[in-house]
Amino acid sequence: MPSRHLSRRTVLAGALGASAALALPRLGFPAVKKGTSLRLWILKTYVEPTNKAIEASAQRWAQKHGAAVTVEYFTFEDMQTKYVAAIESKSTPDVGQLETSAPSRFAGMGQLLDLTSFSKQIESQAGKAPANVAPVTMMDGKVYSIPWYVMGAFWYVWRDVFEKAKVKLPSTFAEAREAAQALTRPKDNFYGMGQSWNRTADGYGVMQSLMYSYGVGWAGKDGKYKSIKTPQMQTVMKWATDIYTNQLQPADTLTWTGSGNNENFIAKNVAQTSNGPSITFAMENAVAKATDAKDKKMKEDALANHVALPHLGGPDGRRMQAIAMSMGVFKGSKDPEAAMSLIAHLVSPEETVMVMKDSYGQFAPVLEKAKTASKDYFNKNENYRTFGRAAEWFAPTGWPGPVTAAAAEVQASNVLTDAPAKVIVDKWSVDQAIEWEDKKIKEIYDTLRA
Amino acid sequence: MTREAGALALGAPAPRRRRLGRQRNRDLGTAALFLLPLFVLVLGLIFYPFYRAVWLSFTDKLVGYPERFVGLRNYEYLAQDDAFHQVIRNSFVFTVVSVGLKIVTGIGMALVLNSIIRGRNFFRGLFLLPWITSTVIIALTWRWMFDAFPGRGFFNSVLLDMGILRQPIAFMATPEGAMMAVIVANWWRGFPFFGVSFLAGMASIPRETYEAASVDGAGAGRRFWHITLPGLKHVIIVTTLLSFIMTINDFNIIYVMTRGGPGSATQVFATYSYQVAFQQLRWGRGVTISIFLVPLLVVGIALISRYLLREGRGK
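These protein sequences, in sequence, are chains H and P. Position 2 (the first sequence) corresponds to 2 in our numbering; numbering is contiguous. Position 167 (the second sequence) corresponds to 167 in our numbering; numbering is contiguous.
Everything labelled a hint here was simulated from the structure, so no lab data went into it. Be careful, since some hints might not be right.
Said to hold, decoys possible - Derived Cβ-Cβ restraints for the label pairs, each shown as a range:
1) 432/H <-> 221/P: 15 to 23 Å
2) 301/P <-> 443/H: 33 to 41 Å
3) 432/H <-> 298/P: 36 to 44 Å
4) 435/H <-> 163/P: 56 to 64 Å
5) 435/H <-> 89/P: 32 to 40 Å
6) 316/H <-> 159/P: 39 to 47 Å
7) 70/H <-> 88/P: 38 to 46 Å
8) 204/P <-> 55/H: 34 to 42 Å
9) 159/P <-> 140/H: 53 to 61 Å
10) 304/P <-> 190/H: 51 to 59 Å
11) 90/H <-> 51/P: 18 to 26 Å
As the list claims (entries may be wrong) - Selected chain P positions facing chain H (Cβ under 8 Å, derived; list incomplete):
12) 37
13) 226
14) 265
Source: prediction; values computed, not measured. Beta carbons: idealized from backbone N, C-alpha and C, even for Gly.
Using the sequences provided together with the hints, build the complete structure.
Listed below in structure tokens is the structure:
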């Protein structure tokens with residue numbers, strides 16, 4: 001029977017424990033006033049369960065604090081439009097999910113709160129973001145948003161197509177082009193590759209990965225303009241246009257919108273394409289929805305047969321331009337303390353892992369603790385192991401420099417994908433296209449206000 | 001107050017003049033009261049936004065930053081911008097060909113509907129369907145029709161199934177094909193407006209004129225050329241002008257079908273303005289792209305209005 005008297009040792013141990021607890025740094029997250037109401041803007045992706053999981057996480061915070069959160073969505077398509085309209089009409093949300101170039105763009109406009117000290121509290125709670133991702137949230141040494149996850153782009157291939165033709169799975173852009181040459185069968189309407197230089201992330205994102213992997217950046221480490229008129233850029237432009245002029249892709253590839261590559265890959269019209277894990281989501285979903293046994297078996301085979309490889313590398317390394325999502329607080333927020341509390345809740349390891357589990361691999365956490373906690377989830381199979389490494393290869397817009405408003409505008413101006421289109425459609429020479437592209441980029445840097 | 005009332009007031013004895021004066025003031029007050037909402041609407045919804053747009057075109061306004069006056073710098077930039085030159089060319093090809101097709105098919109539609117007695121209203125309603133359908137739906141439908149995705153694009157599927165093609169044609173992958181596709185979609189959406197307007201115009205041409213011409217031995221072609229067309233002149237001018245303005249400012253069809261691509265082959269004023277203002281965040285320059293058109297449209301409207309007024313007075 002346990003003694004009812006406390007021994008001296010127990011008392012001492014208790015006192016020691018209490019002192020230690022008091023000595024721990026207090027997280028001191030901002031208090032939330034009961035009844036407070038926040039507006040949260042989040043990205044609506046093709047993976048509907050992720051959207052719902054984020055919304056549910058926000059509602060858990062609201063319930064816990066007796067507050068209210070109104071969740072509003074934006075899509076990849078209207079992300080800029082929605083924020084631009086909100087900024088100009090002074091109706092920004094309290095908390096907004098921000099893509100790779102948004103923190104620097106909006107902080108430059110004076111729209112975001114300085115979260116430098118708050119980010120230190122988050123670091124103590126959830127850990128740091130990798131060194132290649134963290135700068136996305138900063139401008140002039142200050143932190144303006146809290147990094148959350150990376151939505152990577154991967155190189156999707158059909159394993160059986162490669163095996164049948166005895167072609168090695170590609171690891172570099174050069175290998176992918178060679179593979180495409182070996183796999184293309186126009187008579188069967190089957191092509192070795194499907195890479196569109198369109199005006200979506202599937203176009204400008206891959207173009208940046210290609211450029212950065214060949215060591216081509218339009219800005220230096222200081223973020224200032226640097227000419228792209230280099231032999232490496234000629235190789236880049238040649239790769240980008242050869243895949244069209246050598247007819248290694250379906251004839252309508254240039255006209256694909258955001259879902260064109262998904263559709264053509266899933267329909268097995270192309271052997272390789274670049275995309276986020278939404279392809280895997282669609283295929284897993286198809287298996288789950290299949291009712292007929294034969295159909296289910298076919299879809300299961302397809303699922304097992306599709307491989308998401310790390311994004312292609314080049315002579316200068318493997319650099320994947322992707323979407324690094326972070327959360328920022330807008331200056332117009334009526335309750336910034338509650339807004340920060342909501343962010344702290346969302347990026348906490350527990351909530352992050354809950355959202356991630358509904359993401360079909362699309363959501364690769366970047367903060368240390370959540371990353372560690374996500375290891376089991378990403379160990380599901382080879383594709384998921386690749387998804388889990390997204391942050392490793394991440395390179396921001398404007399690499400090797402920081403993300404700047406000018407770098408973001410280069411991406412937004414479509415000049416990166418219009419240049420190869422000039423060679424493919426308007427029959428310009430590679431040199432002409434590079435000259436034109438370089439002139440346009442320089443003009444952006446010269447004319448953008450400091 | 002009318003001129004007669006004014007004359008009466010001058011010639012009337014003093015108490016009556018005072019009474020009429022009071023009545024005039026009351027009338028003026030009532031008129032002002034009734035006109036006020038319209039005045040506020042015109043000022044608030046037309047003049048102010050227009051003034052603001054013109055002002056912004058003289059600034060280097062960036063989203064999130066206050067504007068700074070830069071004079072004609074945006075106009076100078078666009079005058080030297082090769083992308084904008086292509087936008088001007090594309091916009092005019094898109095507009096002129098679309099409107100031209102709409103006039104021709106609109107006249108055809110009106111002639112057919114005018115010649116049938118039974119079910120005219122039914123067919124008029126049927127032909128109006130494209131006009132009342134959402135533009136986005138129309139653009140998506142035509143995108144699907146021209147699609148080269150195996151087994152999905154309507155034209156390709158038909159041609160492949162009939163054995164005419166062995167490989168699908170990527171209609172929208174070439175500049176000419178993409179331009180043709182957006183023109184077709186715009187034409188299909190817009191021709192009923194022309195048809196219905198022309199049909200209304202035809203209804204106002206007296207039957208006796210046709211009968212007299214027939215008696216004099218004029219065939220269908222000559223009756224059309226010498227009676228119908230002159231009779232429709234005003235309607236054609238007004239509908240063409242309206243359609244020209246709407247088509248040259250069209251955004252939805254091109255944005256949904258091609259996003260201005262491939263390359264910049266179908267980039268027009270509205271899509272380029274959107275890209276510069278909302279993606280590049282350069283509002284001053286984006287607004288200037290739209291404002292560039294205004295002098296041309298104002299001159300066009302003024303010339304046509306003057307012509308119509310002169311014609312009206314001539315009658």
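- prompt: Hints broken by the structure, by number, lowest first?
  reply: 1, 4, 5, 8, 12, 13
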